[in-house]
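Since the structure of chain Z is provided, determine the placement of chain H on it from the hints.
Residue numbers (UniProt numbering), protein chains in the order written: chain Z, 1 to 199; chain H, 1 to 199.
Keep in mind the hints are simulated off the structure, nothing from the lab. Values in this document were obtained by computation on a predicted structure and should not be read as measured data. For every residue, glycine included, the Cβ atom is placed at its ideal position computed from N, Cα and C. Honestly, I wouldn't trust all of these hints.
Below, simulated DSSO-like cross-link-like pairs (lysine-lysine); rule was C-alpha separation at most 30 Å, straight line [claimed, not checked]: (1) H:K75 x H:K133; (2) Z:K16 x H:K89; (3) H:K117 x H:K75; (4) Z:K23 x H:K133; (5) H:K45 x Z:K23; (6) H:K162 x H:K129; (7) Z:K138 x Z:K167; (8) H:K167 x Z:K23; (9) Z:K16 x H:K41.
Computed footprint of chain H on chain Z; a stretch qualifies when at least three of its residues, placed anywhere within it, have a C-beta under 8 Å from a C-beta of chain H [unchecked claim]: (10) 108 to 118; (11) 123 to 134.
Here is how the chains run, residue by residue.
There are 2 protein chains.
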Amino acid sequence: MQYPEAIAKLIDSYMKLPGIGSKTATRLAFYTIDMNEDDVKEFSKALVATKNDLHYCSICGNLTDEDPCEICRDKTRDQSTILVVEEPKDVMVMEKVQEYHGLYHVLHGVLSPIEGKGPEDLNISSLIKRLQKIKAVKEVIVATNATPEGEATAMYLSKLIKPAGIKVTRLAHGLSVGSDIEYADEVTLFKAVQGRTEI
Amino acid sequence: MQYPEAIAKLIDSYMKLPGIGSKTATRLAFYTIDMNEDDVKEFSKALVATKNDLHYCSICGNLTDEDPCEICRDKTRDQSTILVVEEPKDVMVMEKVQEYHGLYHVLHGVLSPIEGKGPEDLNISSLIKRLQKIKAVKEVIVATNATPEGEATAMYLSKLIKPAGIKVTRLAHGLSVGSDIEYADEVTLFKAVQGRTEI
Chain Z
1 MQYPEAIAKL IDSYMKLPGI GSKTATRLAF YTIDMNEDDV KEFSKALVAT KNDLHYCSIC
61 GNLTDEDPCE ICRDKTRDQS TILVVEEPKD VMVMEKVQEY HGLYHVLHGV LSPIEGKGPE
121 DLNISSLIKR LQKIKAVKEV IVATNATPEG EATAMYLSKL IKPAGIKVTR LAHGLSVGSD
181 IEYADEVTLF KAVQGRTEI
Chain H
1 MQYPEAIAKL IDSYMKLPGI GSKTATRLAF YTIDMNEDDV KEFSKALVAT KNDLHYCSIC
61 GNLTDEDPCE ICRDKTRDQS TILVVEEPKD VMVMEKVQEY HGLYHVLHGV LSPIEGKGPE
121 DLNISSLIKR LQKIKAVKEV IVATNATPEG EATAMYLSKL IKPAGIKVTR LAHGLSVGSD
181 IEYADEVTLF KAVQGRTEI
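Looking at chain Z on its own, in the form it has when it is part of the complex (with noise of 0.2 Å):
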């Protein structure tokens, strides 16, 4: 005996999201079917309407329903600053803090060799074009992750954006606020004495 053909159906789909297997899909497939019907429905159009109706901003390749995006269109925001991200949602993570206010630029991935991506595959030149255009950017601060990737497309980006007479700078490095001294690990410790500043 097989599954019936709709939950079947759903076990593939939920199958094809990251990190769920075969028996995870199982376990969400049933509790769909318990589920609400209208919450079950607005799932249903949530999906489609995420595929539909979202793009990236052609200014800052960030995601948005309107273009320019919310953050590109603000004319309140300090436009002598724009800060680097690997991914739309680290456009988020930043905003959150509430401790920075310029404006942003998404490379929608880092360079890696391994994975074939070169300059060409990010949004790079997009921000090569945008910082000609602009003449009051100062400063790019590059907040790619602390990965070797990332470092290697930070010094990338600085090399390229440096000989026009802009500030390029990096997040710092060093621990994790509430870390243990003892857990760190060598090269973040290396970082944080580099780093350190005076009290």
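Relative to the frame of chain Z, chain H by itself:
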């Protein structure tokens, strides 16, 4: 700044699934944006189809797209045995073993005083009616889980059905195949000794 509406709604929907918190929901929602459009459409359709097309078999309580279900309609199956399980997915699990060829009955839960689940909340009365109607049934195998609630439900069913002269059995307890005695818990070992067989 907030997430665009479409993705915020999708994150909310993913969060309604069991075991998925806000971080995983966000990750899944962003993954959905980059998914193949056909896959997303199919996912969306499968959700609604699962909710609309599936219902429970009026005889055994199993999930089905036709009523009665495939197993209840199949007259070649052994009509003298009914295997009682907690959930529809347990039927699939048993069917995969291909050792059992009788009928099923799905309880949709177990007796659980803590969750306030009594006999009237389970699919028990229809099982009793079924046994009274079809005189052919000679054995009821109670295959509820080996949890305290599953055991209690098995005992309850046994007391209810035995007086009618129908044999009530329970799946064997013992060591999992391939497991180490060293790591077996005491109760399982005790049951394994009790249920030892001659070789």
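For each hint, the structure was consulted:
no., hint, verdict
1, H:K75 x H:K133, "holds, 16 Å"
2, Z:K16 x H:K89, "holds, 20 Å"
3, H:K117 x H:K75, "violated, 34 Å"
4, Z:K23 x H:K133, "violated, 37 Å"
5, H:K45 x Z:K23, "holds, 21 Å"
6, H:K162 x H:K129, "holds, 14 Å"
7, Z:K138 x Z:K167, "holds, 6 Å"
8, H:K167 x Z:K23, "violated, 34 Å"
9, Z:K16 x H:K41, "holds, 13 Å"
10, 108 to 118, "violated (count 0)"
11, 123 to 134, "violated (count 0)"
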